Amino acid sequence: MKVYRFLVLFFVLLVFLFSSLGISNAEAQGYCWDVVFGGEPKGVLKLMVVPIGDGYYFVQGRPLTMNQYGPFFTGSAQVVGTQIIMTLNATHSDSPGPMRDGGFYQVILDPTTLNGTAWAVGITYLLPPYDKFSNDYSEGTLTYTTCP
28 MKVYRFLVLF
38 FVLLVFLFSS
48 LGISNAEAQG
58 YCWDVVFGGE
68 PKGVLKLMVV
78 PIGDGYYFVQ
88 GRPLTMNQYG
98 PFFTGSAQVV
108 GTQIIMTLNA
118 THSDSPGPMR
128 DGGFYQVILD
138 PTTLNGTAWA
148 VGITYLLPPY
158 DKFSNDYSEG
168 TLTYTTCP
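Residue numbers (my numbering): 28 to 175.
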């Protein structure tokens, strides 16, 4: 009975917490891009963008073709002169396997077309018994498209 009361109280607190955050879906807008990195199509990236004031934005998203392990993107964007500059971090959640990896992306978009270029630095670590680090650099393009 104590467990049941605890779960009910916990659920009520969660509902209260999420209802009082003040961020609604109406504030976030979804944007999609066809992504090409290293000369190869990588699919459609969908990012949710929330304005936080004075030309600054919170950004979070994922590729629409991702599996359960990601990658998951989070970062920020800002209007700088005649460009939109996004800084994104990406990680995978592939904890069942031996690989741990993440990346850092910089995206520069034209504010009128929302098309742009990007570069990325990634790092991968293979757990023991492999115990190996590797990193890579790549460049690409983003072409704005309608979200499916």
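Simulated from the structure, these hints should not be mistaken for laboratory data. This one's a predicted model, so the numbers in the text were calculated from it and none came from an experiment. In this text, a Cβ means the ideal position worked out from N, Cα and C, and glycines have one as well. Errors might be hidden in some of the hints.
[As the list claims (entries may be wrong)] Here are the simulated distance ranges between beta carbons:
1. 125 to 174: 30 to 38 Å
2. 151 to 85: 33 to 41 Å
3. 80 to 158: 39 to 47 Å
Consistency of the hints with the structure:
no., hint, result
1, 125 to 174: 30 to 38 Å, "34 Å, holds"
2, 151 to 85: 33 to 41 Å, "27 Å, violated"
3, 80 to 158: 39 to 47 Å, "45 Å, holds"
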